[in-house]
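Asks: We have chain A already, so just place chains B, C and D on it with the hints.
4 protein chains.
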Amino acid sequence: MTIAGRQQQAHSGRIRLGMVGGGQGAFIGAVHRTAARIDDQFELVAGALSSDAERAKLSAREIGLAEDRTYSSYEEMAKAEAARPDGIEAVSIVTPNHLHAPAARAFLNAGIHVICDKPMTTTVAEARELVDLVGRSGKIFCLTHNYTGYPMIRQARAMVASGELGTIRLVQVEYPQDWLTRRAELSGSKQAEWRTDPKRSGAGGSIGDIGTHAYNIAAFVTGLEIEELLAQLTTFAPGRQLDDDVQILLRYRGGARGMLWASQVAVGNENGLKLRVYGTEAGLEWTQADPNYLWFTRFSEPKQLLTRGGAGARAEAIRVTRLPSGHPEGYFEAFATIYTEAARAIRAARAGGTPDRDVLYPTVEDGLEGMLFIEAAVESSRKGSVWTRLA
Amino acid sequence: MTIAGRQQQAHSGRIRLGMVGGGQGAFIGAVHRTAARIDDQFELVAGALSSDAERAKLSAREIGLAEDRTYSSYEEMAKAEAARPDGIEAVSIVTPNHLHAPAARAFLNAGIHVICDKPMTTTVAEARELVDLVGRSGKIFCLTHNYTGYPMIRQARAMVASGELGTIRLVQVEYPQDWLTRRAELSGSKQAEWRTDPKRSGAGGSIGDIGTHAYNIAAFVTGLEIEELLAQLTTFAPGRQLDDDVQILLRYRGGARGMLWASQVAVGNENGLKLRVYGTEAGLEWTQADPNYLWFTRFSEPKQLLTRGGAGARAEAIRVTRLPSGHPEGYFEAFATIYTEAARAIRAARAGGTPDRDVLYPTVEDGLEGMLFIEAAVESSRKGSVWTRLA
Amino acid sequence: MTIAGRQQQAHSGRIRLGMVGGGQGAFIGAVHRTAARIDDQFELVAGALSSDAERAKLSAREIGLAEDRTYSSYEEMAKAEAARPDGIEAVSIVTPNHLHAPAARAFLNAGIHVICDKPMTTTVAEARELVDLVGRSGKIFCLTHNYTGYPMIRQARAMVASGELGTIRLVQVEYPQDWLTRRAELSGSKQAEWRTDPKRSGAGGSIGDIGTHAYNIAAFVTGLEIEELLAQLTTFAPGRQLDDDVQILLRYRGGARGMLWASQVAVGNENGLKLRVYGTEAGLEWTQADPNYLWFTRFSEPKQLLTRGGAGARAEAIRVTRLPSGHPEGYFEAFATIYTEAARAIRAARAGGTPDRDVLYPTVEDGLEGMLFIEAAVESSRKGSVWTRLA
Amino acid sequence: MTIAGRQQQAHSGRIRLGMVGGGQGAFIGAVHRTAARIDDQFELVAGALSSDAERAKLSAREIGLAEDRTYSSYEEMAKAEAARPDGIEAVSIVTPNHLHAPAARAFLNAGIHVICDKPMTTTVAEARELVDLVGRSGKIFCLTHNYTGYPMIRQARAMVASGELGTIRLVQVEYPQDWLTRRAELSGSKQAEWRTDPKRSGAGGSIGDIGTHAYNIAAFVTGLEIEELLAQLTTFAPGRQLDDDVQILLRYRGGARGMLWASQVAVGNENGLKLRVYGTEAGLEWTQADPNYLWFTRFSEPKQLLTRGGAGARAEAIRVTRLPSGHPEGYFEAFATIYTEAARAIRAARAGGTPDRDVLYPTVEDGLEGMLFIEAAVESSRKGSVWTRLA
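Protein chains in written order, with my numbering: chain A, 1 to 391; chain B, 1 to 391; chain C, 1 to 391; chain D, 1 to 391.
Pulled out of the complex, with its shape left as it was, chain A reads as follows (with noise of 0.2 angstroms):
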C-alpha cells in the first residue's frame, strides 16, 4: 500500500499549459483537462478553446481562464503567450485532426512544448515535416497515445522486452466499437460529424480514429515494426464518405504475423480495444474495458491473472501505478500517466537535461509511423487490398 506514495513528486512548480481545441460540445478537451490535473503537474493558463470567438470566450469562462489568456486563434495564442513572461511552457493540441499539424508548427516555433492528440496529422508528408522541426526546436513533443499509459499495458511491453515471451510469432489486436453503425453524423453528433469527415480527419476513418491506436498499442508492447501490410478498409454506412471497419493483415520484420481489426459498426461493442501477443514461450492477453488485468501463460503452464499492483508486478508497471490493486485504475489515469511521463520530460528540459531513462510517452517518430501505417493501409485498400510496404 506505498505504492501510491510513488506518485509523490517534489512540486518544484507547475507546469504551465495552454489548449488549442475543446470547447464547449468537445470530449476529448476535458478528458485531457482532467489528465493533466491528476498528478498536480500542470495548471491551465490559457487556452484557444474554439475557432469561433464567442464560444472560445464562453468556453474559457467555464472553466475559470482568464479573460486577457483567451484567445480565438491558435496562431494568435502561440505569438501572445510566448511575449508574456508567465507565458505558457506546453500547450495541448486537441482539435479535430487537420489542425494538429499547423498548430504543432505555430507552438514549436514560438518556443513551446507541445501534446498532442493522435492521429498526429492527415498526410505523411506533414508528419515528415513536423519529426524534422521537432528535431531544430528541441522541444518536447508528446503525442497522446494514451491506451500506452495503462501500467498492464507498461507491464506487458516490460514482459516482452525481458524475453518472457521468447520471440513473438502472433500479434492479435483489435479495436471495435459501435457507436456509428448508423449514421450519427447526420443526426447532430459533433464527435461523428468530424470524424466522417474527410476534410477534418484525412484519408483514413475508423482506421485513424481507433486503427491508429491498436496499430500503436500493438508496436508498443511488441517492438516489432510492420514490414508490410494488406488493409481491406470498407464503409458499411449507406453513403458515408470514409471507412467504418478495417481490417488488415501484417507482416512484422522477422517473421511474426498479426491479424488487425477496428470497426465502429459492430454492435455490442463499446470501445473493445484487444490486445493478443504470443510467443514461443508464453502469451498474454489485454483488454481496455477491463484494464487493471493482463493474462498471462507460459507454455504448458496455468494461465495466470496479473493485477495492476498486484503480485509479478514489473517496476515499469509499479512506477505508474497509483494505487493498491484491487482497487481500479480507467481511462483518465492512464492518460494521466501520459502527462506526467510528459512533464518529466519538460522539467528535465527546463533544467537543461534529458529525462530519466525510464521516462515513456509516444514521441513524434511515433506519430509518424502512425501515418506511415495510415497511408499504407489507405493505399493497399484502394487497390484492391493488395501487399503494401511501409514507406
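No lab work stands behind these hints, which were simulated from the structure alone.
Partner residues are not named here, just some residues of chain A that face chain B (Cβ under 10 angstroms, in silico):
1) Arg169
2) Pro176
3) Trp387
Using C-beta positions, here's what the derived DEER-type ranges look like:
4) Gly163/D with Ala315/B: 31 to 37 angstroms
5) Lys79/D with Asp290/A: 44 to 50 angstroms
6) Glu225/C with Asp86/B: 55 to 61 angstroms
7) Ala66/A with Asp86/D: 15 to 21 angstroms
8) Ser300/C with Asp356/D: 42 to 48 angstroms
9) Ser300/B with Ala161/D: 20 to 26 angstroms
10) Thr167/C with Glu54/D: 40 to 46 angstroms
11) Glu43/D with Ser300/C: 36 to 42 angstroms
12) Ser300/A with Arg253/B: 39 to 45 angstroms
13) Thr235/C with Arg55/D: 55 to 61 angstroms
14) Ser300/B with Asp290/A: 20 to 26 angstroms
In this text, a Cβ means the ideal position worked out from N, Cα and C, and glycines have one as well.
Replies: Frame of chain A; chains B, C and D shown alone:
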C-alpha cells in the same frame, strides 16, 4: 424443467452402428462412441478399430465388441456386415483424414449410412466424387462438425435466420489452440503425428484440423457464402511440414466481410473457437469453451447474456437442449446432438420417408464446401496470399 | 490428448440396472439414465417408473424396457428381480424424497445394490436405520451428490488434502437459484409441487433440495466437520409451506468458520452453486455453471485459472476426466462419474473384493451427515436462529 | 459522447481546502488529494499532514503547500485558518480513526466544513455528539464512503428506488481482501499497524475498516434499515488484537434478510467488495473491482449487463459519469464524485442556500448509522454471536 423430457423418444430399437478407426490411443473414437450412447439411439456392434489386426482385436475387446464382428479392414467390414441380416445400418468413420473418402465409399457402396469425421476428404476432387456417390446411394451422410450441435449455436443461427441481426456486415471467427507450440509430433503424440503429416492430413494442417471448424460454424450460423478469400498459412515450428497458423480475410457474397484466424501455436489457448457476428441491427458472440452462453446485443440496448435453456431460448435451441439452464452441457452433448440428428434421418430413411424439416446435421455438401474452402486457402497462401475465388 | 483413453475400461459385461421413479415428466430420471449410459457401465433393464400403473407402463415403453420388467411398485420389482437369474444387480432410486428410504430398504433387503438420489431420507431416524441396514447388507449404497463428480471439485479436494491451502480458515458456499421466485407450484410445475410439499420433501424445502448439495460439496472438498451452526430459514413466497431461502453460519471443528446461503428466489441465478475455500497458504474458488475452471491463488502470488485437463491437473482429477482441456465437460459427465465410481465398487463386490482406494462416491454415511445438517438447520431456525450442535 | 460535457461546471472559484493527516507514507491522503483535484472544485492550500512537526513540514513541502500554512496540529490549523481572510473553507480529515471526531469538532467549531474519512468515530457516543454539533454548526459534513460515488451504484440505487426490483427480499454483500492473511503489522506496514491497533482503530478491525463500507453500500443502494443482526467476528492471525474476518446475518425492517461478509484473510481477494440485491421482480449484482458494469435481471427475462454510460443508464448515474461507455472509470473518479457532491453542497452554503435535491453524499447521520452497526456487531459477537438490535 420439462426440457429434459423432449429428449425422450419413441425407442423403436437402437440403430446398429459400426466404427472404423478409433482404436486404443485415439482421441476422437472414444468421443464418437460416447456421443452415440448419450441419447440411446445407437448400439455399437462392429468395428475395424485399427488397421493393425492385433490392435484392432484388443481395442474391440476392450469396448465389448463381439469377436466375429471385429475387423482389421474397413473393406472386409463393409462386405461382411452388408451380408449379415443383423448387419450394421450405419458406420462411424473416425480415421485420419486420408481414409475418410475410401472408407465412406466402401460403406455407401454396401448400402450403409455413413457418419464421418471432418475434414471430409483430403482433396476437392474426392469430395466431389463423394457428393455424387451419396446422391446416387440414397444413403444418409453426416459429417461430424460437432460444434453445430451446441444449443446456443442453434440459437444463434435461428436469430440470424429470423432477421434479429438485420443484414450481416461482419463475421469474426477464430480458433486458437496452443498444443503444437512445440513439436509435439516428435515426442510421441499420435494426435500430433498424423495431424502434421501431409500424407495423412492432406495439404492443410491447422486449416484442415481447426480452420475448417471455424469456417463451418460461421457458415452454419450466418448462412453466408464466401465469394473470395485471402489466406496466409504459416508454419512457425521449425521443421514442421504443414501450417500451424492460418489468417484469412473473407469476402462474402452480398458484401459482408470476415476474418478467420486459426492457430495451434497461440500459447494460453486451449480450444478457443469463438464466433462473433455483427449485423445492422444486433450482434452476437459465442465461445466454445463456455458454450452455454450467448451474448446478444441489439443496437443501443443493453447487452444480454442468453443462457442455454434460459429466457429467450428459441425452439431451434430447445429441441437440442437436455438440461435446464444453469446445468452446463458440454462438448459430448453437442456431439451427441449430431448423432441424434443423424439417427432421426436414418429412422426416417428406414421408414422410407424423409426426416422432419427441423432435423439438422452437416451433410456431404457441407463437406465439399469445407474442402473448397481449404483448397482455396492453401492455393491463396501458396501464391503469396492473394485474393482467390472459391471454385 | 490421451486423457480420454483412461475412460476405456475392461468391458466385462455391463451392470444390470433398474430404476424406481423417473417416469414421464420427471427431470432427474432422464438425467440418471443418461449418466448411467455415458461410460457404458450399466444397462437399464427394469423399472418401476411411476406409482401410477398406466404411466409406469407408458414411460417404460418409451425408453425401451421389456414389458415383463416393467413394474408399478418398487416392492414388486425388488421381489421379482431378485428372483430372476438375470435380475438387476443395482437400482437407481429417483423418486421424491419421502420414498428414498422405503425403496432403498426394499432393494437392500433383496440383495440389490442401491444408487439413490439426495437428500437420502426425510428424517435423521430413517437415515440412521439405513446406515445400519447398508452395513448389515454388505451392499453398495451410492448417494448421487453429483457435484462431487466434477473433475475440478476432485482437484480442489486433492489440493486441500495435500496441504496446498494450509490450514483452512474460511468456507464460503452458496447455491442461489430463482425458479421459485413466484409460486411455480401453483401453475403446474411438477418439480415445484413436490419440492414445496412437506409430505414429499420432508421438513426442509430449499435446505433439502439445494442446501444439502452446498453442505456436501464443502464437506467433500475441505474434509471439515461442522461443530455447530445457526440457520435462518425463510419462506418469501406468500403461502408457500417450506423455506425457499436459507442462510447459515457454520462453526467447524478446529476453528474454521463458514457461511452457507441457498436460495430459490434470488432473481437472475439459474443454478449458482459456488464454493470458495481460504486457508493460511492459498485460496480457491469454483462455480458449478462454469465447472471446467478452478481459481487458485497462493498468498502473494498471481491468481491462477486452472482448467480441467490442463496444466497443474492432479491425478485425482485426471482419473475422472474424459476430454482434453478446452473441450468442456458438464453436468452429465460429473453425474456419470458418480455412476462409474459406483460401477467400480459394484464390480469389486461382484468379484468378492473391495474397490480400489481411489474409488470415491458419496456413501450412506454422507447421507446421514446430510440429514443431520438439515435437521440441525431446521431446528436452529425454528428456535429463532440460535446456535445448534450437530447431533 | 456528450456525457463528458456534463462535468463542465461554472467555475466560480475553487473551494479552499485544508487537510489533516495524509503525510508521507499514508495511502488515503494522496487519494483524497487526487479526488479533490479531478473535477477542479478544490484547491488545497493548508495542511496538518502529520502530528510529527518535521514530517508534517516535509510532507507539505512535497506537495507544494506554503510554509505559513503548514501546521503540526489540527487545533492550531483550525484556529489559524479561521482567522485568515483567505482561510480554508473546508477540511479533509484523513487520519487514523481515533482522531476523526476531535479533529472534526475543532474545524466545525471554527466554522469550517468537514470532509471526513470513515468510520466516522470510534464510538457511538462520539458519533452522536458529532451529529449534534453538525446540526448546531450549520456546516456541511461529508463522510467519504467513496464507493457510493460509483455511477453504477447510483444506477442500482435509482433502480431500487423506482421499484424495478419490486420488494427487496435479499441482500448479499461481501468485502473480502487478503492483505492481512499474515501479520503485516509486524513487518513494517503502517497501514496494517494502525488498522490492527484498537487504540487507533476502535473496537472493530475488519468490521470498521471494510465491514462498514459493505454495510453502507447495501444501505445506500437498498434504503433498507437493519432491525437486528447477529455477528461473528474472528481473529484468524495468531496474536492479532482485532478481528480480521466478520460474518453477519442481517434482519431488515420489513422482512428482508441479508448476509454480510468482510475478511482480510481471504487469500486471492484483493479488494472484493460485491453487492447483490434480489427483489420480487428483479435482481442486480455489482463488483467494485469491475465497477463499470451492473448485472440486472428481471425475473424470467435474459440477464442484462448494464454499462456505465451505456444503454439503460439513468439520470442519477449519468450526472456522475464523466466518460462514454467503454472508457473505464475507476476508484479515483468515484472518490472524486464524493468531493464534487460536497463541493456542490458547500457552494450552495456559500450562497446561503441548500444544495439541489440530486446532490448526494454520505452525511453525519450515515456516519452515526455506521457506528451503530459496528457497535452492534461487536456486541453481538462478544456475547457469543447472538441476535442484537441496532440501538
